[in-house]
Amino acid sequence: MTTTMDASRRTPAARPVAARARSLLLGRDAAVIVLLVAVWLIGSVSVDNFAKPNTVYFLLLDVLPIVLIALPMTMVVIAAEIDLSVASMLGLSSVIVGVLFQHGWPVWAAAVVALGIGAVGGALNGFLVATVGLPSLAVTVATLALFRGIAVGLLGTKAVTGFPESYKDLASDRLFGPGTAIPAVLLVFVVLAIGFGVLLHFTAFGRATYAVGMSAETSRFSGVNVRAVKFWLFVATGAVSALAGIYWTLRYGSARGDNAVGLELTVVAAVLVGGVSIFGGRGAIPGVIAGALLIGALRAVLRLADVSADAINIATGVVLIASVVFPRILSGVRGRRRRSRRRGLEPEPSLE
Amino acid sequence: MTVSSPKGTTMALLNARGWRLAAVAGLALALATGTAACSNGSKGDYDIAFLPKNLGNPYFEASDNAAKKAVKDFGGSFKEVGPSEATADGQVTYINTLTQQSVGAIVLSANDTNALCDALHDARDAGIKVVTFDSDVDAKCRDVYVSASSPKLIARNQIDLIAEATGGKGDIAILSATANATNQNAWIADMKPYLKSKYPDMHLVDVVYGNDDDQTSYDKTEALLSKHPHLDGIVSPTTVGVAAAARYLSTSQFKGKVALTGLGTPNDMRKYVKDGTVTSFALWNPKDLGVLASYAAKALLDKDITGKNGDDFKAKGLSTKATKFTVGPKGVITLGKPFVFDKKNIDDFDF
Chain A
5 MTTTMDASRR TPAARPVAAR ARSLLLGRDA AVIVLLVAVW LIGSVSVDNF AKPNTVYFLL
65 LDVLPIVLIA LPMTMVVIAA EIDLSVASML GLSSVIVGVL FQHGWPVWAA AVVALGIGAV
125 GGALNGFLVA TVGLPSLAVT VATLALFRGI AVGLLGTKAV TGFPESYKDL ASDRLFGPGT
185 AIPAVLLVFV VLAIGFGVLL HFTAFGRATY AVGMSAETSR FSGVNVRAVK FWLFVATGAV
245 SALAGIYWTL RYGSARGDNA VGLELTVVAA VLVGGVSIFG GRGAIPGVIA GALLIGALRA
305 VLRLADVSAD AINIATGVVL IASVVFPRIL SGVRGRRRRS RRRGLEPEPS LE
Chain B
282 MTVSSPKGTT MALLNARGWR LAAVAGLALA LATGTAACSN GSKGDYDIAF LPKNLGNPYF
342 EASDNAAKKA VKDFGGSFKE VGPSEATADG QVTYINTLTQ QSVGAIVLSA NDTNALCDAL
402 HDARDAGIKV VTFDSDVDAK CRDVYVSASS PKLIARNQID LIAEATGGKG DIAILSATAN
462 ATNQNAWIAD MKPYLKSKYP DMHLVDVVYG NDDDQTSYDK TEALLSKHPH LDGIVSPTTV
522 GVAAAARYLS TSQFKGKVAL TGLGTPNDMR KYVKDGTVTS FALWNPKDLG VLASYAAKAL
582 LDKDITGKNG DDFKAKGLST KATKFTVGPK GVITLGKPFV FDKKNIDDFD F
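Chains A and B are the protein sequences, given in the same order. Take 5 as the starting number for the first sequence in the working numbering and just add one per residue. Take 282 as the starting number for the second sequence in the working numbering and just add one per residue.
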């Protein structure tokens, strides 16, 4: 832009109440939640069998691993990094639980080891990204292959099954008895969601995460330990992915090296749909939870409406693109309006 | 990373303040209602859903299209659903969906023997009949399993085919998949005594393993022939192995001298049958498998069978002309002998 700004016109007055309300209503979080409610209402009215407790129950069970991993992934993406190794870590964790169980370990002990391996794998990512300074995209694409390779290498094409029913029930019991909607395992998620929500939105570590995502350089000069922030975020994604692997193993009663292949993309999709900027610095936990539920609900509605898997993937893709493109266009519109106001001009014709 | 700001042309389209909510709601409406219309199709007496390992798989397209016709023929309603990737969790999601829809029967080829069990258990609790075909789940998780063939029938078919190609004498070798593949080992174990008793002039000199990997199978074929230059025939009861062996033979000095047969798919083997590297090979006919699975579902819904050993039912429209089938031990229904593909019929198949 070549227009010279007239400094005197720039009044730094507080934003009008209406504008604040509008930004609250039309913010990314709100838009995703509105869309989720819309999909839900339309599904309930127009698709047979959608408005039933089982829809919620199955939806939550299906979405759980995605939304679990999305919690730490949100923070990683806000810090302007990414972790693509999460689904492979889920698979590796599942295999470790299976192999140890096969060797006579109790499931809880195997699960503890799997969680430890998850944290160690995450620490490897964290070390390579934070300390060595490699780009997380490259590092985690490599560990995506590495973790999956170990997982498949340990078990081959075999599956470990025969987990005790008492453990399997942990993953599928309903909180309020037969026929009700809420799986008991959701409690694990609620605790973690509150934990990550508080961590991100109410602590110094959370503020440092945003700062790192805005500008690692600036945060470093402001005294933020950028390395430590990034390192611990990757440890968190590793450990939570391992937790999701334990859940996966118990829910399906089958430890396999190829469990959850490709799930990392669904997790990233949920995070982006939920309003987190892929360039870092912006995003919030509630939006991401809504984003994951939105993807799950949309797929559930379409499945019940007998839409083919390919068409469902297309619909999911469209929502993802829309969620990334709309805010960019919107911020462009806002920016133009603001610039126009500054110059005291009406919005100009389309071509500049 | 830097991002260039959006250009003005797009802006012109978006001048209303409420555009965003409208767009969001419109998108949801379009996605949900545009597709919901087809959910209220009328259901026949036999509401049968096929759940292949994954969609877009030519093998299951063949079986499911034949099944669709069979279900239409007996007046039922057919649908095919499934994940786009061959995963157990993808199938669980669809089993749950079909349970919510209260279909009459689910006919599936399982991606995992155990992971589907809880979901299938829920489905059966809801009164849905469960038929597996091609790939089974644990026997307690379904009503019946429609098996393409039996180890004994496959073993005999493979030995008969290689005997036909070599004149029933000479040295043969087996190119298998992995050394610990249960099905392969069962077949090989059945081949040995049959070979001895039926073709005493034919000898099995080696068994090698290509690990169901194209390159490894190719290399093993090459190594096999340099170790046994006077070999007369190779049996490869795995689709990957037989295609790799055919590829090696077709460009080697052994073409036409070393006979090859195995279990292969028409699309993999077409060119080797046409160029004379392979005279005939076998596999089951996926169309027949789909048809028989449909009739098994119908028989369960009619309560003609319950999955008990000795129950029998009728099927129509199979290429083998067989019509009467009996449920064997553990609820297994066997389609029959492997289907032999040769120059004459290979172009009738596309999978």
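Be aware that a few hints might be false.
[To be verified] Among chain B residues calculated to face chain A with C-beta under 8 Å, some are:
#, residue
1, Pro339
2, Gly363
3, Glu366
4, Val373
5, Cys398
6, Asp399
7, Val621
8, Lys624
By construction, these hints were calculated from the structure, which means they are not laboratory data. Think of the CB as a built atom: it goes at the ideal place given N, C-alpha and C, for glycine as much as any other residue.
Check each numbered hint against the structure and report the violated ones by number, ascending.
-> 1, 7 and 8
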